[in-house]
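Given chain Z, work out where chain W should sit, using these hints.
Sequences listed follow chains Z and W, in order.
The first sequence runs 110 to 902 under my numbering.
The second sequence runs 110 to 902 under my numbering.
Any given hint could be a false lead.
Claimed, not checked - Just the calculated beta-carbon pair ranges, DEER-fashion:
{"id": "1", "chain 1": "W", "residue 1": "613", "chain 2": "Z", "residue 2": "889", "range": "42 to 48 Å"}
{"id": "2", "chain 1": "Z", "residue 1": "716", "chain 2": "W", "residue 2": "725", "range": "31 to 37 Å"}
{"id": "3", "chain 1": "Z", "residue 1": "889", "chain 2": "W", "residue 2": "815", "range": "40 to 46 Å"}
Unchecked claim - Quick list of in silico lysine-lysine cross-link-like pairs, DSS-like style, CA-CA up to 30 Å:
{"id": "4", "chain 1": "W", "residue 1": "756", "chain 2": "Z", "residue 2": "810"}
{"id": "5", "chain 1": "Z", "residue 1": "293", "chain 2": "W", "residue 2": "293"}
{"id": "6", "chain 1": "Z", "residue 1": "655", "chain 2": "W", "residue 2": "655"}
{"id": "7", "chain 1": "W", "residue 1": "693", "chain 2": "W", "residue 2": "870"}
{"id": "8", "chain 1": "Z", "residue 1": "293", "chain 2": "Z", "residue 2": "399"}
{"id": "9", "chain 1": "W", "residue 1": "693", "chain 2": "W", "residue 2": "791"}
{"id": "10", "chain 1": "W", "residue 1": "756", "chain 2": "W", "residue 2": "870"}
{"id": "11", "chain 1": "Z", "residue 1": "870", "chain 2": "W", "residue 2": "655"}
{"id": "12", "chain 1": "W", "residue 1": "810", "chain 2": "Z", "residue 2": "756"}
{"id": "13", "chain 1": "W", "residue 1": "405", "chain 2": "Z", "residue 2": "693"}
{"id": "14", "chain 1": "Z", "residue 1": "476", "chain 2": "Z", "residue 2": "293"}
{"id": "15", "chain 1": "Z", "residue 1": "462", "chain 2": "Z", "residue 2": "476"}
To be clear, the hints were calculated from the coordinates, so they are not data collected in a lab.
Beta carbons are placed, not taken as given, at the ideal position from N, Cα and C, and that holds for glycine.
Protein chains: 2
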Amino acid sequence: MGIDSATLEAMDRYWRAANYLSVGQIYLMENPLLRQPLRAEHVKPRLLGHWGTTPGLNFIYVHLNRIIRERGTDILYVCGPGHGGPGMVANTWLEGTYSEIYPQVSRDAEGMRRLFKQFSFPGGIPSHVAPQTPGSIHEGGELGYALVHAYGAAFDNPDLVVACVVGDGEAETGPLATAWHSNKFLNPRVDGAVLPILHLNGYKIANPTILGRMSDEELRSLFAGYGYEPLFVEGDQPMPMHQVMVGTLDRAFDRIAQIQRAARAGADEPERPRWPMIVLRSPKGWTGPKEVDGLKVEGFWRAHQVPVSNARGDDGHRAILEEWMRSYRPDELFDDRGEPTPDITSLVPSGQKRMGATPYANGGLLKRDLVLPDWRGFALDVHVPGALDAEATRVMGALVREVMQANRETRNFRLMGPDETASNRLDAVFEATDRVWMEEIEPYDVHLAREGRVMEVLSEHMCQGWLEGYLLTGRHGLFSCYEAFIHIVDSMVNQHAKWLQTSEELSWRAPIASLNYLLTSHVWRQDHNGFSHQDPGFADFVANKKADTVRLYFPPDANCLLWVTDHCLRTWNRINVITAGKQKQPQWLSAAEAEQHCREGAGVWEWASTCAAADEPDLVMGCAGDVPTIETLAAVQLLRHAFPDLKIRVVNVVDLMTLQAHTTHPHGFTEAAFDALFTTGKPVIFAYHGYPYLIHRLTYKRNNHDNFHVHGFQEEGTTTTPFDMAVMNGLDRYHLALGAIARLPHLAGRAGPVVAQIEGKLAEHRAYVREYGEDMPEIRNWRWEPKGGASQA
Amino acid sequence: MGIDSATLEAMDRYWRAANYLSVGQIYLMENPLLRQPLRAEHVKPRLLGHWGTTPGLNFIYVHLNRIIRERGTDILYVCGPGHGGPGMVANTWLEGTYSEIYPQVSRDAEGMRRLFKQFSFPGGIPSHVAPQTPGSIHEGGELGYALVHAYGAAFDNPDLVVACVVGDGEAETGPLATAWHSNKFLNPRVDGAVLPILHLNGYKIANPTILGRMSDEELRSLFAGYGYEPLFVEGDQPMPMHQVMVGTLDRAFDRIAQIQRAARAGADEPERPRWPMIVLRSPKGWTGPKEVDGLKVEGFWRAHQVPVSNARGDDGHRAILEEWMRSYRPDELFDDRGEPTPDITSLVPSGQKRMGATPYANGGLLKRDLVLPDWRGFALDVHVPGALDAEATRVMGALVREVMQANRETRNFRLMGPDETASNRLDAVFEATDRVWMEEIEPYDVHLAREGRVMEVLSEHMCQGWLEGYLLTGRHGLFSCYEAFIHIVDSMVNQHAKWLQTSEELSWRAPIASLNYLLTSHVWRQDHNGFSHQDPGFADFVANKKADTVRLYFPPDANCLLWVTDHCLRTWNRINVITAGKQKQPQWLSAAEAEQHCREGAGVWEWASTCAAADEPDLVMGCAGDVPTIETLAAVQLLRHAFPDLKIRVVNVVDLMTLQAHTTHPHGFTEAAFDALFTTGKPVIFAYHGYPYLIHRLTYKRNNHDNFHVHGFQEEGTTTTPFDMAVMNGLDRYHLALGAIARLPHLAGRAGPVVAQIEGKLAEHRAYVREYGEDMPEIRNWRWEPKGGASQA
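Chain Z with its partners taken away, still in its complex shape:
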């Protein structure tokens, strides 16, 4: 499509307006339109922000607006170099969306003054693209995730094109470097498109960038290797650059349309297309000061943050700033009232087509609740605690399969995993869907297809980022991961938690579905692996986030896991971490019991205790986690036989946040409720799945805290038998029983022989596993004996 020069001129004016507004945000607190000469008191005392990337972001914005107006495309702008926050704010103000959301920042002179002052200002807005920024699903602070977010947004959104600006700094990160391969998972028939725009301005904070210094030939080869068709836009002269960008964007959107038409018209399954991507080389700090104090600024890293420092205190610097801002000729861009001129606003798309107003960027608006089958339909028939064995995650897999099935038409639920869905025993889900795969499919491949709602790639970063993008645009999902390796995405989880925490304070942001984790193949059962796969510390990490946002669940058996899964899939704006094993183990609760227990979050298991729930016990045995629960019950059984008169209360904790004070966490028990479980003075032997410290820090304010003795993971691990792992860390039945006896001085004389017997058992265990390589039969075949049952030898 051609473009007339008047439109091109108007586009340039729009761009100058956006640049002017960006500079103004960084520098000014008064005199926004420069209708007076610039004086010291107009300039902010603290100059904070990032100019370098901003003119490029603004350039892309006005050109995407043209595409939207001409083609009616829904475009979501994912801004990788989100440090350029002023640019995105400037554009959404220019197009009117900013003032619609924040009426006090009106589209006039007074609004412009507020727009400028609020930026990076106490009580104002952050310097980066953030939840406060209209049109954004992507926080611009930590780098690396723009492209995975963009793909996550595009999946199952066939009418959406996600324009994803990738900075050349960000392009050096690992997560971004692998994210290019996301094109192997995007189906042009049912998904939208991603148009990556690699913005090479050449510099980071104080260095050139790797990709910025690569030749076009190497770049072309690299991106062709990644499977794209790279299109280059390079230069520093505005009008020629506008011309080239128009032609290139037209070519890219034509190509996208052609790929989609072909895939959607044909009867055959589509092959992986070569999607276009754009390489945009433009100067860092483009249109800013060329030099300051004799040093190169435009086109160099000195343009990264604030190119002219101390413009308040230094008259010379202030003169540079004023000259720079006036170079955009603000009088041509804004009328007397401070409103953008009509030729500029005429370039703005209408209504929700504006990128600041697209509902795709406020996904909660588009979110449809999942259709959830009754989880009780998948529950195991548990009549007698411990009589039945099952693999909890396999049972959960059947529920997930039905969730897939029930939401097939709305296409709004996906399961992510780093090649672990089957290993984690969720493979029932493959009865309802396949793994999506756009590369070659061989006849002997299993559950691979062009369409599929399971996404597997050996990159926790991609799984996490895709899911975040998917949730932020209004859909649902579950990420199943080996427990130890979820630490790979600690920092991404951190940023997502921050996004949620901030979003909750913004009334215009509709809630999105929770980020749900199933952590399995956990520390206590690492059969094929060893120490490297043993780390239960993600719970500690998550517990540092704001209480409103995080939940930690340790269902002790399959029915509890079903309830927890169902519950998590109904929640919003949360990070739910479910930890559950995949190995065969005894089942404890019926569906009804599981429901009551999980709803309460923690409770006395009277059937496992040696006294009535109402009795004051001599000892509380607490447990959280599936393996700790088994070991606790085995310890109770051992103690019950050794000391028949000992009153032991068993307390199982599913929802770890119940341990915190109710003033700290919404799920926290009151003092009275906590004391009713754990007493105010009796010893508590607490078997916890992870690092013991977490229980101490959650309970440190509780009355009985000084009597809590927590057993958990002590960083002892290797490839060994399951029970030996517990022994190495003191979480096994024997150490739990020994711990209990040590805290019960009244057993005194009777304890000696029991302790000797237990220590003998431990020695026997150690010798046995080293000889035979598996656990002793009495461990492998251990079963819970109901209180009335036969006594143990």
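For chain W alone, coordinates are given in the frame of chain Z:
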């Protein structure tokens, strides 16, 4: 170079021997040489391990041995698919190094029996490549870091070639995807070479791999784009594959030699060469069973772990196993005594040239202590506490510069950072060296050079991985990072800590230099950034690791930072985390005082207290971190004026681990020492740099724990003034003073007006910053007044 067919035949026998030994490790506990028919009791009850990648690893090993023998090259084998642990163990046993290190696993029939039994067996060795594995610097559990480790090992080791096998599973991870760009930082003149061998066996656990299914054309394009010359070796017929591998390796090593000769002979600075890399396509589980139970195994993901399950209990499966093992014709490979035949051992390089015996893989052997200048020479002249202002990291930068200078000749110290060395104010180091950069250098670039000991790339993964590889091969370094983003490498730190923990138990592994972090641009001073850059939780993460391994330092001023830096650079096998700000702030201690204070780790600051150190105080004000120290002193000053008779003791903590019990951590104070600081019953207002919970969990066993009231980061943050950040989180002087007053009921009647005054100050602060965008002058200009000084208005 040609190769005769006898050698080729012998190489094939060597390979078969390695494969045989690998299968034996996974399956057998008796009858290692199959001199008897295979019976159930010969097979392990639990079959754990990974076969799929192993034959490929073995294939590469024997071929690298030929290169070593023919060329005398020192080769370090970095095994990315370290799941294939049996392969590396098998090869080092074949070459004799295994038995030299572990004499009980001798190179004979009995040794072979032990070799087999110990694998993935209680009390034995882990299933993955691990510290226990001779010749390894790279744990094979968590994937993604093989190539960065390889480059880290090659820097400053000009005579070393690191052969780095990258699995196609691992190649999907982010850290690996960006690690290919490490070639932009390797100088052929002064560094060694890395030969990446991308091993495409096509499958992960249950999926094809992205790179495995890409066409050769796309792969060629991708790796040419990354800057390499890819060489392909593809097939499944052993003898032709041997032939092709010989020719390809010769070509690769010729090319490496040619590049190095050119770079080392020429007078000009070398340009970035196109280093060779190999793409090896071979079947997963190559030479294993083709089918089991009618399902495809060889060349498919079913070969990933144990291709034939339950070979102990299932006669049919055991027959498959026996046939498979006999297919290697063990009688041709091992003599009657179980020793490898001479034609096999003749292929083994000699002595330390053997890859299992290379000292490069036991870097502590090569480690030379750093020459460290006297840190006191860089100390600030602090006569009066608080009288002088300085930027702590800038002072540290001068010390680091001298460390660079003093170790220039030995070339064994590097500084890593994600483009933040200057931002973190360590730029004095550029007076001694430059940033290394092998891409184009422009005339206006600053401190970029072909040779340079500062490594900057916008990837925390690369910084961390390079440094790990560098340390593991016997050198030293420091990683300076924004505090919040160090979480990006949580999982890598985890794995490195595990490596160190395990290494300490192996007498043959010599200690390596500690992994030292400077975390700066920290949570309390995020001027250009905001909430996304605010997270002090790395300390919590690290504190979960074994006490022997981790240290957390919070130097309160520049002289303390100097002492801590010097100390950390002298330690070994540790992870030292130093958190210190870069902003200008008051200095407290002279060099002598800093030395004494830091050596003790924590102590009373009598000069800041309102009573003598020997007095029993009414109140303890504890602090850890630079900003908390300032706010604590300001709070003391405020309280001192308000309540002149109040006895306040100030305790500053530099080494956080002193807070733990001495039975838990080697740096932990005894009960008596702790109580002498914090009393056994007085209120303690503790201002901590990070999440308050960490202080609670470290001190929960202490006598006075219930009186600890910790102020710290509460997840409140944005772009605002420095003091406002403290106020938002209750860590400021006003909240600390209010917290103290609330715990001092005896102040009763006198407290009211003071509280009202403080609350007025807080209100005034909030209004001021929102109006003016900077802190009130009384905050900006606040100075510590020595006790005898003028009284505050």
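Taking the hints in turn, this is what the structure says about them:
no. : hint                        : in the structure
1   : 613(W) x 889(Z): 42 to 48 Å : violated, 33 Å
2   : 716(Z) x 725(W): 31 to 37 Å : violated, 53 Å
3   : 889(Z) x 815(W): 40 to 46 Å : holds, 44 Å
4   : 756(W) x 810(Z)             : holds, 27 Å
5   : 293(Z) x 293(W)             : holds, 27 Å
6   : 655(Z) x 655(W)             : holds, 27 Å
7   : 693(W) x 870(W)             : holds, 24 Å
8   : 293(Z) x 399(Z)             : violated, 42 Å
9   : 693(W) x 791(W)             : violated, 34 Å
10  : 756(W) x 870(W)             : holds, 24 Å
11  : 870(Z) x 655(W)             : holds, 28 Å
12  : 810(W) x 756(Z)             : holds, 27 Å
13  : 405(W) x 693(Z)             : holds, 27 Å
14  : 476(Z) x 293(Z)             : holds, 26 Å
15  : 462(Z) x 476(Z)             : holds, 19 Å
Violated hints, listed in ascending order, are 1, 2, 8 and 9; each of the other numbered hints is respected by the structure.
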